[in-house]
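Whole structure, please, built from the sequences with the hints as guidance.
The lines below spell out each chain.
Protein chains: 2
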Amino acid sequence: MDKSRLKNAIINAGNRNAALVIKNANIVNVFTEEIIHGDVAIRDGIIIGIGSYSGKEEIDADGAYLCPGLIDGHVHIESSMAHPSRFADCIIPKGTTTIIADPHEIANVCGTDGIQYMLDQTEWLPLSVFFMIPSCVPCTGFETSGAKIVAKDMEQFLSQPRVVGLGEVMDYVATANADGEMLDKIELFKNRPIDGHAPRLTGDSLKAYCTAGPETDHECMTFEEVKEKLALGMRIHLRIGSASRAVEDIMRSIAESNLPTNRIMLCTDDKHLEDINNEGHINYILRRAVANGIPAIKAIQMATINAATTYGLKRYGAIAPGYRADIVLFDNLTDFNPRLVLTNGMVFKPSPEAKMKPDPKIYNSVHIAPRKPECLKLQVNGKMPIIDLLPNELTTLLRYEEVPCENGLFVSDSKLLKLAVFERHHASGRFGLGIVRGIEIHNGAVASTVGHDSHNLVVAGDNDSDMLLAIDVLEECGGGYSVVSQGKVLARIPLPIAGLMSDAPLNKILEMQRKLLDALGSIGSWRSSDPFITLSFLALPVIPEVRLTDMGVFDVTQMKFIVDNQ
Amino acid sequence: MDKSRLKNAIINAGNRNAALVIKNANIVNVFTEEIIHGDVAIRDGIIIGIGSYSGKEEIDADGAYLCPGLIDGHVHIESSMAHPSRFADCIIPKGTTTIIADPHEIANVCGTDGIQYMLDQTEWLPLSVFFMIPSCVPCTGFETSGAKIVAKDMEQFLSQPRVVGLGEVMDYVATANADGEMLDKIELFKNRPIDGHAPRLTGDSLKAYCTAGPETDHECMTFEEVKEKLALGMRIHLRIGSASRAVEDIMRSIAESNLPTNRIMLCTDDKHLEDINNEGHINYILRRAVANGIPAIKAIQMATINAATTYGLKRYGAIAPGYRADIVLFDNLTDFNPRLVLTNGMVFKPSPEAKMKPDPKIYNSVHIAPRKPECLKLQVNGKMPIIDLLPNELTTLLRYEEVPCENGLFVSDSKLLKLAVFERHHASGRFGLGIVRGIEIHNGAVASTVGHDSHNLVVAGDNDSDMLLAIDVLEECGGGYSVVSQGKVLARIPLPIAGLMSDAPLNKILEMQRKLLDALGSIGSWRSSDPFITLSFLALPVIPEVRLTDMGVFDVTQMKFIVDNQ
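Chains A and B, in that order, give the protein sequences. The first sequence: position 212 = 393 (my numbering), numbered continuously. The second sequence: position 226 = 407 (my numbering), numbered continuously.
You may find that some hints are simply not true.
Copies of the same chain are indistinguishable here, so a pair counts whether it falls within one copy or spans any two.
[To be verified] Derived lysine to aspartate or glutamate pairs resembling DMTMM-like cross-links, with alpha carbons at most 20 angstroms apart: (1) Lys188 - Asp699; (2) Lys696 - Glu582; (3) Lys408 - Glu215; (4) Lys558 - Asp653.
By construction, these hints were calculated from the structure, which means they are not laboratory data. This one's a predicted model, so the numbers in the text were calculated from it and none came from an experiment.
Structure, rendered in structure tokens:
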């Protein structure tokens with residue numbers, strides 16, 4: 182907030198000189214947990230008073246509920262597949278006015294250039310975007326990323342005003358073992374917020390992890406996990422994204438317990454545009470929280486002031502004098518459908534398209550070595566490790582089973598698919614092969630350059646030639662998603678920004694996504710509610726129990742390769 | 182916390198290798214508001230686990246309550262009259278292991294040298310001392326301080342690890358009027374905590390003040406004030422020091438209300454050694470909070486994690502892995518008398534005396550111009566302004582009354598005393614004269630170089646010659662307190678450190694203070710519970726309603742001089 186704006190706001194707070202007044206509202210006070218009927222006065226994008234006001238411009242709230250703009254406490258913009266400005270245009274109408282973004286995905290492709298690109302491309306948005314600097318680039322040593330970021334590389338970002346802390350510390354094994362490189366990063370951010378990521382971690386390992394420094398967790402699957410982590414001083418994000426939805430039981434348990442909620446927040450982590458469009462964003466999590474018995478004001482605190490406090494965002498997360506005029510008007514506190522959203526004191530308008538510029542360092546990121554048709558042949562030796570997808574979860578189970586084969590080579594039966602991950606940053610020619618259950622495809626393949634977290638090319642199919650074609654398509658369009666069947670390209674989504682995001686207009690992205698899902702539906706079915714995320718997470722070697730990287734099949738629980746392709 | 186210590190703690194948290202274990206305790210968890218029976222394991226001064234542990238050294242808690250070390254959220258060490266190490270030795274046995282110190286007093290005498298002196302003299306203490314950089318040096322333009330600190334002077338402190346924020350913004354008039362110099366300071370600390378100080382401020386003025394940036398207040402006198410300030414986003418300190426005790430009614434109202442308490446903290450602000458010794462420190466406020474109906478765990482949160490959160494003190498304020506092993510063992514959660522106090526994982530021992538060194542820049546701070554006996558003559562013109570002390574409050578009332586006089590000059594009748602404030606930093610010869618009610622002295626005078634906030638020399642008496650002698654005594658001993666009667670020195674406390682603090686041992690300071698109070702008692706009586714503080718605050722032109730500075734009698738409500746001696 183610049184000084185002359187602040188000065189103006191202070192003086193006008195004292196003399197009741199408002200430029201904009203929202204009249205006749207039920208104003209949610211997140212500090213006292215009260216709802217107060219009155220007006221909110223705004224000047225220069227800053228709230229200057231709550232009470233009885235008149236102003237140059239007036240908006241009649243007609244008794245609707247006025248909440249602080251919602252805060253997504255942990256989100257990867259890249260997972261929307263949309264340029265940050267398109268993402269902003271999608272979530273602001275849902276009431277989210279501030280996000281804590283972790284540009285972990287683009288950093289794994291483009292390194293510090295990717296982080297700087299996201300900083301540059303979010304500076305002029307109506308959405309307030311704060312950044313956590315990715316701590317795990319690469320995520321682990323068990324995959325090949327596009328870049329490596331060490332503590333020293335992070336120093337350049339410390340002085341940037343929208344950089345608040347260290348991104349989710351995913352490598353919990355290295356952390357709990359006091360790995361030197363990880364501790365260097367934690368040391369650099371020791372006076373700032375440090376996000377954690379500790380799925381299923383418990384007992385002594387969790388204590389060691391907490392001792393190291395991570396302070397938040399957004400991976401809790403049970404209420405017991407929430408309680409254990411809260412008791413150890415962690416702050417908890419309740420997450421509902423596109424793929425992970427176990428949180429409703431947790432919400433019910435919180436509602437029934439006496440657990441203090443002031444260290445609990447809400448986040449989406451990874452959520453696609455279509456899902457945001459259909460059901461909402463943080464407002465959807467609010468709706469579910471209230472439906473599961475959490476008092477509305479407690480839920481609103483989770484979505485506003487609790488996150489602002491955790492991430493040290495002064496003047497955010499409340500309707501109070503001196504706070505940024507990010508305000509949402511809801512008809513009621515059960516549906517949380519916004520009637521009106523103000524950011525920085527202005528009624529929301531879509532972002533100016535003119536400022537979005539292609540950056541050659543970020544575009545054209547897909548570099549795959551030439552492939553021979555026989556590269557996808559998978560030898561069968563006794564029981565084979567199967568990556569078994571759990572319905573609607575990011576976690577997988579590791580099973581060993583007899584698989585169909587011909588001439589000693591695995592043959593897909595459309596329920597057990599072949600999966601491959603190709604290194605796509607340095608054209609090294611490295612790739613891993615495996616078998617997955619939970620995706621069904623008949624006579625076709627699907628491929629993606631979105632492959633958490635190194636974003637190598639992931640491809641699944643029931644025949645090698647379609648798999649190879651699906652790869653060719655992505656190589657040609659600079660990354661994205663492709664669906665092919667019997668030698669034909671059924672659908673594709675070009676994602677030229679780091680192979681992760683599109684700069685197309687929102688409707689165009691949504692249309693491409695729908696076409697791709699339709700194409701997928703025409704050749705098979707998925708256990709998960711979201712094929713995009715399911716496919717993308719099959720390569721992430723930090724979520725239990727088993728994954729495939731460009732280096733081979735990886736047992737996350739044991740932290741070692743089962744099948745090492747190197 | 183240094184990296185090798187942290188590394189050691191992480192590894193040992195994972196393998197349960199504790200150096201010290203406190204066994205069989207009832208451990209207060211400030212995150213979940215639960216009390217858990219178990220052991221606390223410590224290694225290298227860091228808590229590494231809660232559960233069932235054995236260690237090289239063990240302490241049997243025998244079922245006693247284990248709390249995080251208490252935090253004083255706002256304190257001026259100088260008001261104890263003791264060097265920081267003596268102060269630490271006094272408060273740690275009461276359970277306070279961390280303080281947020283505002284070196285406002287020494288800064289008003291010695292400027293940035295004074296702040297640096299306090300940083301240097303607290304580095305080696307078993308007490309954790311964090312600093313807020315004084316924002317009001319001088320406090321106002323209505324008095325003469327020893328130094329002036331502008332925003333630029335503060336920059337040197339920003340990189341010091343124990344400097345956390347901007348000290349109490351006392352000049353609420355300048356702040357609410359968006360005064361440029363004040364906004365420069367607020368701008369410099371815009372991403373850090375900013376303490377407020379807004380006694381009786383309400384309505385639009387308070388909104389303007391909050392808009393400017395101050396985030397805390399420790400001056401609330403009523404529950405309504407607490408509610409108004411909380412609703413505006415301020416965090417509230419409940420203060421019990423030596424002079425201000427209105428807080429018990431507020432505590433009862435909090436206990437009876439549904440007001441969330443996570444933004445409420447405890448502080449002493451100004452408290453003398455004798456009072457700390459007799460009744461306690463933050464543990465005394467806990468005792469009063471619980472006696473007034475606040476649940477013990479909520480009160481303990483106020484005294485620990487709430488303050489740590491407000492001031493961004495990571496790893497402080499809780500018993501959890503990775504947290505600093507500052508721990509207090511209480512027999513019960515009603516009296517809060519510590520049985521044992523650990524700081525940094527070690528049982529408390531008094532500070533090493535050897536590190537305390539006189540600093541010529543800080544010692545010898547008293548410079549008063551020569552005085553003529555007739556300087557204290559006070560002309561009477563009609564009704565005179567009286568500074569009327571309220572019992573047990575810092576606030577005063579302004580009254581206009583006929584006063585006794587002879588030959589047109591005021592004559593004290595022992596209930597209305599003469600009061601003078603002499604500029605004592607630059608030997609300017611400037612002084613103010615006034616009349617005070619609430620101190621009774623017969624045939625004597627009392628003087629002090631502790632005179633908030635500019636710390637000019639304050640003297641009160643019923644005759645001019647004793648007043649002049651009381652001044653002479655302080656000039657001779659480099660500052661402090663003196664009591665004289667009929668030409669004899671009855672008692673004195675030399676305070677060579679900036680005229681504010683003594684480097685003598687605790688018992689010696691306490692003995693001098695007792696003798697001084699006895700001497701005062703032998704010549705008069707005081708409305709206040711603490712003559713030291715009452716006298717020292719008579720010169721502070723930011724607490725309503727009326728004060729005397731070296732420039733004259735000042736109406737705080739109107740912000741102007743009634744009698745201008747210049």
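Against the structure, the hints:
no. : hint            : in the structure
1   : Lys188 - Asp699 : neither (55 angstroms within a copy, 52 angstroms between copies)
2   : Lys696 - Glu582 : neither (35 angstroms within a copy, 89 angstroms between copies)
3   : Lys408 - Glu215 : between (27 angstroms within a copy, 11 angstroms between copies)
4   : Lys558 - Asp653 : within (18 angstroms within a copy, 100 angstroms between copies)
The structure is inconsistent with the numbered hints 1, 2, although it conforms to all the rest.
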